[in-house]
Amino acid sequence: MPINKMVNSFKDAVADVPQGSVIMMGGFGGPGGMPQQLILALRDQGAKELTIISNTAGLPGFGSVAGQEVINHSLLVENNQVRKIIASFPVSPSASRPNAFELAYRAGDVELEMVPQGTLAERIRAGGAGIPAFYTPTGIGTVVAEGKENRVFDGREYLLERNLTANYAFLRADQADTLGNAVYRGSSRSFNALMAPAAGITILEVDEIVQPGDLDPEAIVTPGIYVNRIVKR
5 MPINKMVNSF
15 KDAVADVPQG
25 SVIMMGGFGG
35 PGGMPQQLIL
45 ALRDQGAKEL
55 TIISNTAGLP
65 GFGSVAGQEV
75 INHSLLVENN
85 QVRKIIASFP
95 VSPSASRPNA
105 FELAYRAGDV
115 ELEMVPQGTL
125 AERIRAGGAG
135 IPAFYTPTGI
145 GTVVAEGKEN
155 RVFDGREYLL
165 ERNLTANYAF
175 LRADQADTLG
185 NAVYRGSSRS
195 FNALMAPAAG
205 ITILEVDEIV
215 QPGDLDPEAI
225 VTPGIYVNRI
235 VKR
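Using this note's numbering, read the sequence shown as starting at 5 and increasing by one per residue.
Not one of these hints is a red herring.
Restraint ranges, calculated between C-beta atoms of paired labels, are given here:
{"#": "1", "residue 1": "GLU212", "residue 2": "THR146", "range": "36 to 46 Å"}
{"#": "2", "residue 1": "GLY217", "residue 2": "GLU161", "range": "49 to 59 Å"}
{"#": "3", "residue 1": "VAL225", "residue 2": "ALA99", "range": "30 to 40 Å"}
{"#": "4", "residue 1": "ALA19", "residue 2": "ARG87", "range": "19 to 29 Å"}
{"#": "5", "residue 1": "ASP20", "residue 2": "LEU107", "range": "29 to 39 Å"}
{"#": "6", "residue 1": "GLU117", "residue 2": "GLU82", "range": "16 to 26 Å"}
{"#": "7", "residue 1": "MET10", "residue 2": "GLY145", "range": "44 to 54 Å"}
{"#": "8", "residue 1": "ASP220", "residue 2": "GLN121", "range": "26 to 36 Å"}
{"#": "9", "residue 1": "PRO141", "residue 2": "GLY24", "range": "28 to 38 Å"}
{"#": "10", "residue 1": "ILE144", "residue 2": "GLU212", "range": "37 to 47 Å"}
{"#": "11", "residue 1": "GLU115", "residue 2": "ARG47", "range": "14 to 24 Å"}
Restricting the straight-line Cα-Cα distance to at most 20 Å, the calculated cross-link-like pairs of lysine-lysine (PhoX-like) are:
{"#": "12", "residue 1": "LYS52", "residue 2": "LYS88"}
{"#": "13", "residue 1": "LYS9", "residue 2": "LYS236"}
{"#": "14", "residue 1": "LYS236", "residue 2": "LYS15"}
{"#": "15", "residue 1": "LYS15", "residue 2": "LYS52"}
No wet-lab data here; the hints were simulated from the structure.
What you are looking at is a predicted structure, and each value in this text was computed from that prediction instead of being measured.
Note that the Cβ used here is the ideal one computed from N, Cα and C, for glycine as well.
Put together the whole structure using the sequences plus the hints.
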């Protein structure tokens with residue numbers, strides 16, 4: 005029987021996400037966009053006490069596609085579903101326009117683990133590769149280093165950083181076949197490619213579905229072995 009990872013609806017795709025889940029969410033600036041429909045479905049599903057791992061915590065317009073409504077992590081924060089955010093850029097670039105996470109953090113309603121962007125990417129990559137921890141010089145002498153083990157190699161000080169894994173990854177893809185082989189658009193491939201192997205269940209929100217063999221093998225970024233569910237936008 006042919007493998008088909010297609011799911012009929014976004015509601016069905018997130019139906020089993022339990023309370024307390026750790027979810028990686030892809031998306032970056034530019035045309036790649038965020039998994040907007042998966043975020044909406046999760047809001048409606050209502051799972052709470054979530055930990056979100058993402059580049060941002062829902063910046064105004066960041067990760068959205070021109071001409072589309074801005075849908076991001078802020079919807080989940082506003083719906084009181086998020087317990088913790090692990091991100092590199094969690095707050096708005098404008099002090100006069102705080103995002104939903106920033107307001108919730110000031111009120112003591114959510115937790116924050118802020119991670120330098122390169123370290124965040126490497127922690128996720130390490131999680132997908134089965135590497136429990138690694139040393140990096142990033143963060144030495146800053147608040148990032150507080151409470152972390154450090155060692156000196158060749159006269160330079162390094163921090164020990166643990167990997168990051170998740171129960172789910174929500175990712176937006178430009179194209180995918182029914183086996184889950186995925187092609188991303190623009191800068192979205194930066195975190196998407198790292199998150200797919202680091203999650204127990206990876207769900208793709210896809211603009212165009214094609215049949216196996218229709219994608220250029222050289223263009224595939226995430227092999228289908230890392231993808232569990234596919235939903236067409």
